[in-house]
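Fit chain L to the given chain V structure using the hints.
2 protein chains.
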Amino acid sequence: MRKLKAAILGCTGAVGQQMIRVLEERGFPLAELRLLASSRSAGSKVLFNGSEITIEETTDQSFKGLDFVLGAVSNPLAKAYSKSIVDSGAVFIDNSSAFRMEADVPLVIPEINPEDAKLNHGIIANPNCSTIIALMALSGICRLSPIQSIVASTYQAVSGAGKEGMEELESQIDCYSSGKKIEPKVFPAQILSNAIPQIGSELENGYTTEEMKMQNEGRKILHLPEMKVCCTCVRVPVMRSHSISVEFVTRDPVSVEQARAAIASAPGCRMVDSIEGRNYPTPLDTTDQDLVYVGRLRRNLIDPERGLALWCCGDQIRKGAATNAVQIAQLLFC
Amino acid sequence: MRKLKAAILGCTGAVGQQMIRVLEERGFPLAELRLLASSRSAGSKVLFNGSEITIEETTDQSFKGLDFVLGAVSNPLAKAYSKSIVDSGAVFIDNSSAFRMEADVPLVIPEINPEDAKLNHGIIANPNCSTIIALMALSGICRLSPIQSIVASTYQAVSGAGKEGMEELESQIDCYSSGKKIEPKVFPAQILSNAIPQIGSELENGYTTEEMKMQNEGRKILHLPEMKVCCTCVRVPVMRSHSISVEFVTRDPVSVEQARAAIASAPGCRMVDSIEGRNYPTPLDTTDQDLVYVGRLRRNLIDPERGLALWCCGDQIRKGAATNAVQIAQLLFC
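Residue numbers (this note's numbering), protein chains in the order written: chain V, 292 to 625; chain L, 292 to 625.
Chain V on its own, in the form it takes in the complex:
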């Protein structure tokens, strides 16, 4: 197989750094990896497969000769560089939300809709982290019946706000322990010993931008334009795995036993489901690994015929972002 040339745009953030590690872990066949960041980080060196790579300042010329670019930057930066990337002939696999809902941009979870990736016109979007984790948990069930509706309440890790989010929780733990005053900077309120029911900004319907992603992106990924999702997104003092309480209704009846078997055999999922054995997903147990853990599977008491409920956890930086993006590159090139 031809060895590939790739870049990571935004290589110094939590997701960008994780992309480097995931490419390395998976032995991705790379002839070259360019690490791109702002001028502030340019010149720093990063180890990749035992060799040092020097971080370069990103310019419109950075993408020449590349096969693909993994994007881990903000929406404005993703938009600003997308034309140069596509013009250079590279595929832009972008973790921002800038392009996710554009009609000619596939939005891909490789275990769910790999075929969509082939339809790209130079840009493929990586879905929202909570959306990836919830849909991964439901992916086995989707093979048995279309999902009609989902109620989701999230317990989202501080890593969703990047390195700064994780540093804020760390520093608040230290402040609390040493009796110092806690002053929130990254989050709208103290996150230690708290739960903040706001992620993203407010929309006219009273939902946040983050909450609507699960319906908007979920419909596109599952090819279910009518699927209804009522989502509540909450930040909790957890470092880097998201958890989601998911209550859903399928079009066709699915028994708990059928659902359990489907989840257990779904690629990328692990079923852990014994209350008495204290064996159920927790964000700590799922930290720094690629699997989405699913448990607490039971009938949804609101609709005992076609409803089910479950609890799932997955690492926000890995499967919720970096790993999913690298998997998309694997789909295209490996």
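Don't read these hints as lab results, they were simulated from the structure. These figures come from a predicted structure and were not determined experimentally. Cβ atoms here follow ideal geometry from the backbone N, Cα and C, with glycine treated the same way. There could be a bad hint or two in this list.
List time: in silico DSS-like cross-link candidates among lysine-lysine, alpha-carbon distance up to 30 Å [claimed, not checked]:
1. Lys472(L) x Lys476(V)
2. Lys472(V) x Lys454(V)
3. Lys519(L) x Lys519(V)
4. Lys355(V) x Lys370(V)
5. Lys472(V) x Lys476(L)
6. Lys336(L) x Lys370(L)
7. Lys374(V) x Lys409(V)
8. Lys355(V) x Lys296(V)
9. Lys454(V) x Lys370(V)
10. Lys454(V) x Lys472(L)
11. Lys296(L) x Lys355(L)
12. Lys471(L) x Lys519(L)
13. Lys355(L) x Lys471(V)
14. Lys370(V) x Lys471(V)
15. Lys409(V) x Lys519(V)
16. Lys471(L) x Lys476(V)
17. Lys454(L) x Lys296(L)
18. Lys471(L) x Lys472(V)
19. Lys471(V) x Lys454(V)
20. Lys355(L) x Lys336(L)
21. Lys471(V) x Lys374(L)
22. Lys409(L) x Lys296(L)
23. Lys409(V) x Lys471(V)
24. Lys471(V) x Lys374(V)
25. Lys370(V) x Lys476(V)
26. Lys471(L) x Lys454(L)
27. Lys519(L) x Lys476(L)
28. Lys370(L) x Lys476(L)
29. Lys472(L) x Lys472(V)
30. Lys454(V) x Lys296(L)
31. Lys355(L) x Lys370(L)
32. Lys472(V) x Lys519(L)
33. Lys471(V) x Lys471(L)
34. Lys471(V) x Lys409(L)
Footprint (simulated), chain L over chain V, 3 or more residues, beta carbon under 8 Å [claimed, not checked]:
35. 334-342
36. 345-359
37. 385-395
38. 401-409
39. 524-531
40. 585-592
This is chain L only, laid out in the frame that chain V set:
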């Protein structure tokens, strides 16, 4: 008004201690307050209204001459002492779950079903903490239409496991900060930087005992025997206020504006609902006060006609337990 004689059974726990403070704050007209605990605590002194009260060891003779007893002990102890309390002529206002579902025991939230309290035969049960907080948030809406169904995902504070639960979170914060190993004792897993989807023990239908309380107790309190509740109870690293994501459907359509007005005017509730103003309930903001805060009110996208969604927080030890019990005593005697 005649001054009353009362006791607190289990006065040294988190809820028992709070009952002392709530009686004091409310200027409850007491001629006598007996503080009852195990032999271990007997002899210790507690300040109440400026005077010292000596804690006594509980015996079957402890209740003579009393008007009411506030119970803050485990189910077995509540059962063990209930006969002596009732035989003594005192009303037993019990915070345990031992009697909640018994047909001749009223289960009361004073803002919702005060009339039920009068029907007691010597025992009145205080509902489950999450049930109180969720139903308080819905109490205004219940006056507009019966509730048909509720999906609830809880974010429950460690205080639900008593003083030991709070000490465990405190000690895990200290261990983390000083690099010591964290070993869970009270909770089934590390609670710091985690979320544990198990409170209570497993039932045959895959729900936990804690999760079924919201349906079972909710039906009894609201006099809605058909109401369906799908609840997921999760312990989070928060000190003493529970938060709940509530998605519900009413029998009759209720607009967001009607719901907002009803919640804002519901006794015991405070509506705080502005995402852009960063004004929404958080467990930290609601700690150590009696109001249940409600926010994030919006249409439930699963059922835009009759569905609504909200987020509420309330202090687990106060309105979730001690305050509600003292309010029941006020209902009966003041």
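Tested hints:
Taking the CA atoms of lysine 472(L) and lysine 476(V), the gap is about 29 Å. The hint holds against a cut of 30 Å. With a C-alpha separation of about 21 Å, the suggested pair lysine 472(V) and lysine 454(V) falls inside the 30 Å cut-off, and the hint holds. A hinted pair counts as satisfied when its Cα atoms are at most 30 Å apart, and lysine 519(L) with lysine 519(V) qualifies at roughly 20 Å. Proposed proximity of lysine 355(V) and lysine 370(V) is supported: the alpha carbons are some 18 Å apart, at most 30 Å.
Of the pairs offered as hints, the one joining lysine 472(V) and lysine 476(L) holds, with about 29 Å between alpha carbons and a cut-off of 30 Å not exceeded. Proximity of lysine 336(L) to lysine 370(L) is assessed by CA-CA distance (about 27 Å); at most 30 Å being required, the pair is judged to hold. Taking the CA atoms of lysine 374(V) and lysine 409(V), the gap is about 19 Å. The hint holds against a cut of 30 Å. About 10 Å separates the Cα atoms of lysine 355(V) and lysine 296(V), which keeps this hinted pair within 30 Å; it holds.
Distance check on the hinted pair: lysine 454(V) and lysine 370(V) sit about 22 Å apart at the alpha-carbon level, within 30 Å; holds. Distance restraint check for lysine 454(V) and lysine 472(L): the Cα-Cα separation of roughly 24 Å lies within the 30 Å cut-off, and the hinted pair is therefore satisfied. Among the hinted pairs, lysine 296(L) with lysine 355(L) is consistent with the structure: their alpha-carbon atoms are about 10 Å apart, no more than 30 Å. Simply put, lysine 471(L) and lysine 519(L) have alpha-carbon atoms about 45 Å apart, too far for the 30 Å limit, and the pair is violated.
Proximity of lysine 355(L) to lysine 471(V) is assessed by CA-CA distance (about 49 Å); at most 30 Å being required, the pair is judged violated. Annotation: proposed proximity of lysine 370(V) to lysine 471(V) is violated, straight-line Cα distance about 41 Å (limit 30 Å). This hinted pair checks out: lysine 409(V) and lysine 519(V) have alpha carbons roughly 27 Å apart, not beyond 30 Å. Annotation: proposed proximity of lysine 471(L) to lysine 476(V) holds, straight-line Cα distance about 27 Å (limit 30 Å).
Taking the CA atoms of lysine 454(L) and lysine 296(L), the gap is about 27 Å. The hint holds against a cut of 30 Å. Between lysine 471(L) and lysine 472(V), the direct Cα distance comes to roughly 23 Å. Compliance with the 30 Å bound is thereby established for this hinted pair. About 22 Å separates the Cα atoms of lysine 471(V) and lysine 454(V), which keeps this hinted pair within 30 Å; it holds. Restraint check: the Cα-Cα separation between lysine 355(L) and lysine 336(L) comes to about 21 Å, which is no more than 30 Å; the hinted pair holds.
Note on lysine 471(V) and lysine 374(L): the hinted pairing is violated, with a Cα-Cα distance of about 50 Å set against a maximum of 30 Å. Our distance criterion of 30 Å between C-alpha atoms is met by lysine 409(L) and lysine 296(L), whose separation comes to about 19 Å. The suggested pairing of lysine 409(V) with lysine 471(V) is violated, with an alpha-carbon distance near 53 Å, which exceeds 30 Å. The straight-line distance between the Cα atoms of lysine 471(V) and lysine 374(V) is roughly 48 Å, outside the 30 Å bound, and the hint therefore fails.
Distance check on the hinted pair: lysine 370(V) and lysine 476(V) sit about 27 Å apart at the alpha-carbon level, within 30 Å; holds. The straight-line distance between the Cα atoms of lysine 471(L) and lysine 454(L) is roughly 22 Å, inside the 30 Å bound, and the hint therefore holds. Distance restraint check for lysine 519(L) and lysine 476(L): the Cα-Cα separation of roughly 34 Å exceeds the 30 Å cut-off, and the hinted pair is therefore not satisfied. For the suggested pair lysine 370(L) and lysine 476(L), the alpha carbons sit about 27 Å apart, so the restraint of at most 30 Å is met.
Simply put, lysine 472(L) and lysine 472(V) have alpha-carbon atoms about 25 Å apart, close enough for the 30 Å limit, and the pair holds. In summary, the hint linking lysine 454(V) to lysine 296(L) is not supported, as the alpha carbons are separated by about 58 Å, beyond the 30 Å threshold. With a C-alpha separation of about 18 Å, the suggested pair lysine 355(L) and lysine 370(L) falls inside the 30 Å cut-off, and the hint holds. Straight-line distance between C-alpha atoms of lysine 472(V) and lysine 519(L) comes to about 44 Å, which puts the hinted pair past the 30 Å bound.
The hinted pair formed by lysine 471(V) and lysine 471(L) meets the criterion: a straight-line CA distance of about 20 Å does not exceed 30 Å. The straight-line distance between the Cα atoms of lysine 471(V) and lysine 409(L) is roughly 50 Å, outside the 30 Å bound, and the hint therefore fails. Under a criterion of three residues with beta carbons nearer than 8 Å to beta carbons of chain L, the stated coverage of the stretch 334-342 of chain V fails, only 0 such residues being counted. Residues of the stretch 345-359 of chain V lying with their CB closer than 8 Å to a CB of chain L number 0, which falls below the three-residue condition for coverage.
With 0 residues carrying a beta carbon less than 8 Å from a beta carbon of chain L, the stretch 385-395 of chain V misses the three-residue requirement, and the given coverage is violated. Taking a C-beta to C-beta cut-off of 8 Å, the stretch 401-409 of chain V contributes 0 residues in contact with chain L, too few for the three needed, and the coverage statement is violated. Under the rule that three or more residues need a Cβ within less than 8 Å of chain L, the assignment of the stretch 524-531 of chain V holds, with 5 such residues. Three residues within the 8 Å Cβ limit are the bar, and the stretch 585-592 of chain V against chain L gives 7, so the coverage statement holds.
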